[in-house]
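Participant: Following the hints, complete the assembly by docking chain B onto the known chain A.
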Amino acid sequence: MKLFSQLKKNLKNDFSSLQPVKVALLGDTATQFLSQAIRGIGFDAGLDLQMWEANFNQVERQIFDNTSSLYEFKPDVVIIFQSSHKLLETYNKLGSEEYDSLANNRLALIDSLCTAINTRLNTRIIYYNYTEIDDAVFGSYANKVTSSFLFQIRKLNYELMTYAMEHASFYICDLSAIQNQYGKATFFQPSVYINSEMVLSIDILPAVASKTVDIIGALFGRFKKCLIFDLDNTIWGGVIGDDGLENIQLGSLGIGKAFTAFQYWIKKLKNRGIILAVCSKNTEAVAKGPFEKHPDMVLRLEDIAVFNANWDNKVENIRQIQSVLNISFDSMVFLDDNPFERNMVREHIPTLTIPELPEDPANFLEYLYGLNLFETTSVSDEDTRRAKQYQTEAKRNAEKQIYVNEDSFLESLNMTCLVEPFTSFNTPRVAQLSQRSNQFNLRTVRYTEADIKMLADSPDAFTFSFTLADKFGDNGLTGVVILKKETEDTLFIDTWLMSCRVLKRGMESFTLNTLVDFVKENGYKYLKGEYLPTPKNEIVRDHYADLGFSKNEGSWILDINTYQPKKTYIN
Amino acid sequence: MDKSEILRIVNGVFIDILDDENIVLTDETTANDVDEWDSLNHIQLVVAIERQFRIRFNSQEIQRWNNVGEMVNSISAKLN
Chain A
1 MKLFSQLKKN
11 LKNDFSSLQP
21 VKVALLGDTA
31 TQFLSQAIRG
41 IGFDAGLDLQ
51 MWEANFNQVE
61 RQIFDNTSSL
71 YEFKPDVVII
81 FQSSHKLLET
91 YNKLGSEEYD
101 SLANNRLALI
111 DSLCTAINTR
121 LNTRIIYYNY
131 TEIDDAVFGS
141 YANKVTSSFL
151 FQIRKLNYEL
161 MTYAMEHASF
171 YICDLSAIQN
181 QYGKATFFQP
191 SVYINSEMVL
201 SIDILPAVAS
211 KTVDIIGALF
221 GRFKKCLIFD
231 LDNTIWGGVI
241 GDDGLENIQL
251 GSLGIGKAFT
261 AFQYWIKKLK
271 NRGIILAVCS
281 KNTEAVAKGP
291 FEKHPDMVLR
301 LEDIAVFNAN
311 WDNKVENIRQ
321 IQSVLNISFD
331 SMVFLDDNPF
341 ERNMVREHIP
351 TLTIPELPED
361 PANFLEYLYG
371 LNLFETTSVS
381 DEDTRRAKQY
391 QTEAKRNAEK
401 QIYVNEDSFL
411 ESLNMTCLVE
421 PFTSFNTPRV
431 AQLSQRSNQF
441 NLRTVRYTEA
451 DIKMLADSPD
461 AFTFSFTLAD
471 KFGDNGLTGV
481 VILKKETEDT
491 LFIDTWLMSC
501 RVLKRGMESF
511 TLNTLVDFVK
521 ENGYKYLKGE
531 YLPTPKNEIV
541 RDHYADLGFS
551 KNEGSWILDI
561 NTYQPKKTYI
571 N
Chain B
1 MDKSEILRIV
11 NGVFIDILDD
21 ENIVLTDETT
31 ANDVDEWDSL
41 NHIQLVVAIE
51 RQFRIRFNSQ
61 EIQRWNNVGE
71 MVNSISAKLN
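Top to bottom, those sequences are chains A and B. For the record, in the first sequence the residue sitting at position 367 is 367 according to our numbering, with numbers rising by one throughout. For the record, in the second sequence the residue sitting at position 20 is 20 according to our numbering, with numbers rising by one throughout.
Please keep in mind that the hints were generated in silico from the structure rather than gathered at the bench. Computed from a predicted structure; not experimentally measured. Accuracy of the hints is not assured; some may be wrong.
[Claimed, not checked] In silico DSBU-like cross-links for lysine-lysine, where the CA-CA straight-line distance does not exceed 30 angstroms:
id	chain 1	residue 1	chain 2	residue 2
1	A	184	B	78
2	A	224	A	267
3	A	395	A	225
4	A	224	A	9
5	A	520	A	395
6	B	78	A	2
[To be verified] Covered by chain B, according to a simulated footprint, are these stretches of chain A (three or more residues, beta-carbon under 8 angstroms):
id	stretch
7	4 to 11
8	197 to 206
[Stated by the list, open to error] So these bits of chain B aren't anywhere near chain A, every CB distance computed over 12 angstroms:
id	residue
9	8
10	11
11	76
Cβ atoms here follow ideal geometry from the backbone N, Cα and C, with glycine treated the same way.
So that you can see chain A by itself, here it is in the shape it has in the complex (with noise of 0.2 angstroms):
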């Protein structure tokens, strides 16, 4: 990770062909230090964080105050930053008999500094946990005391994750998990704090700029959705195809435990919803093996969306394997025990995340987890079926090869879909989906659950959410349309996406169709679209021509008495 210093220096960096975001940086201590390291940082994640800065301890006066300076600033992210050790001193000027209400206060107020935000501001809020202060009053028998300083902390620590699950707006960023990583000694420096008033060492400031900038870029669609590993030397020791089965080093004697141990993460993320691809130069039957035969193997090809095992170069394999996932290079993480491959690929795919793996695969685990590589900033039941939906389609593909035209496969997979509104069941997925779908994405507005909350209220916004399932598996819900009441004839599409995974599908007609029965039904009489550019979005440059709109100025326009229904093979 780069020094302080070096952040600091790309803060002359040229940001202005970076993605804005707005962020306001409120602390009850110094923090100018942290608010250049994360622009700093913003900078190497290719994000313009225009950073705004409250005067020192304003936390409460900036939030409550209708009129303050970060409300004009209108921020699209809040990061509020209260320090254990200015608690400490709240904790200290108390009567010993209100110490045990400290965590219950402060959570109070820290609920309420976020419902001031939220009826004054669509935004979300990034807050730091508290790092823990032992002050040794009571020793280890602190544990038993409600009343002590270590008690409350580690109480208010719970209490934030329980209130961080019940709001969805509100992101806990784990200050505490760093200080616990790099060491307290690292983490504060007392003469600092003494001549400066700041809690976070300067060595310590890329680390939590870092982990901060990962929740902002997850919160605007940056974050890993898949992991292509190899396997001799970075799943189990040694070299299948010399050493045989028998001969790899797997399980629970010397060196085979950093493998397996490596093995159970990799799952852990396959089952939070991480697509695993493999890469190896291996002949593909002597590859499969160990996941077939070998008893320690916690990995098995079920786990595996895609299995490329061959003697063609990484670079075409993992070219491949974005092929068939259709998801982009910068989404993927590519783990490879050979330093040659590994430059290899990252000269050919620079957008690829590749670490630097430690030689000692004992290692690859801590190595691995100070890397934070697959924040994200939502979870849904669909990202643990996400392999299966893969492997499907990699079957699909195979049968389409048999079918001499294209609508005879689409007629033979039996689609059929199902449309309703947002409603409280798929509103996790409806979020997600706009925070992550970047290619088949008209406006590229993302939406929060709280947002999607108040759009399926809302009188003026008519919601849409779309599955596809087929006679080879169910690909859950796969489109959303939002749709604005902007005049009396005509209804806005604020937002359309789709997920790669169903396109080349008819889904599109099949979504116009529907769009427009509404639109009639209703009593209106335009549809109007429109395109924004970005770098990810070229495929949907044409949607709307290809739809049969006419360009009418920036947007597009489907006047809805002329429109023929299109041809569909989706029920």
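Facilitator: Here is chain B on its own, set in the frame of chain A:
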């Protein structure tokens, strides 16, 4: 290490941290003489100097220096 050598190294730290190639320190230089040398950057300079010389200043020292010469004296006292 003699004081002129310490001054030379400190000068290098200033150039790196304040990102200004033109900084030339003497014993008499004060914060008023260097554009970017404010109270906040002072903390960053101190931490970088501590790292460079593998020393630790105590928290009162940091605010007591009136010029670069006094800072160099503090460093020298810790090294020798």
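Participant: Confirm or reject each hint.
Facilitator: Structure-based check of all given hints:
Under the criterion of a C-alpha separation no larger than 30 angstroms, the hint pairing residue 184 (chain A) with residue 78 (chain B) is consistent with the structure, at around 25 angstroms. The suggested pairing of residue 224 (chain A) with residue 267 (chain A) holds, with an alpha-carbon distance near 15 angstroms, which does not exceed 30 angstroms. For the proposed pair residue 395 (chain A) and residue 225 (chain A), the alpha carbon gap of about 21 angstroms is at most 30 angstroms, so the pair holds. For the suggested pair residue 224 (chain A) and residue 9 (chain A), the alpha carbons sit about 27 angstroms apart, so the restraint of at most 30 angstroms is met.
A C-alpha spacing of about 39 angstroms is found between residue 520 (chain A) and residue 395 (chain A), which places the hinted pair above 30 angstroms, so the restraint is violated. Straight-line distance between C-alpha atoms of residue 78 (chain B) and residue 2 (chain A) comes to about 29 angstroms, which keeps the hinted pair within the 30 angstroms bound. For the stretch 4 to 11 of chain A, the assignment as covered by chain B holds, since 4 residues bring a beta-carbon within under 8 angstroms of that chain's beta-carbons and 3 suffice. With a threshold of 8 angstroms between beta carbons, the proposed coverage of the stretch 197 to 206 of chain A by chain B holds, since 4 of its residues qualify and at least three are required.
Every Cβ of chain A is farther than 12 angstroms from the Cβ of residue 8 (chain B); the closest lies at roughly 19 angstroms, confirming the non-interface assignment. Non-interface status of residue 11 (chain B) relative to chain A is upheld: no Cβ of that chain comes within 12 angstroms, the nearest being about 15 angstroms off. The Cβ of residue 76 (chain B) sits about 19 angstroms from the closest Cβ of chain A, beyond the 12 angstroms cut-off, so the non-interface label holds.
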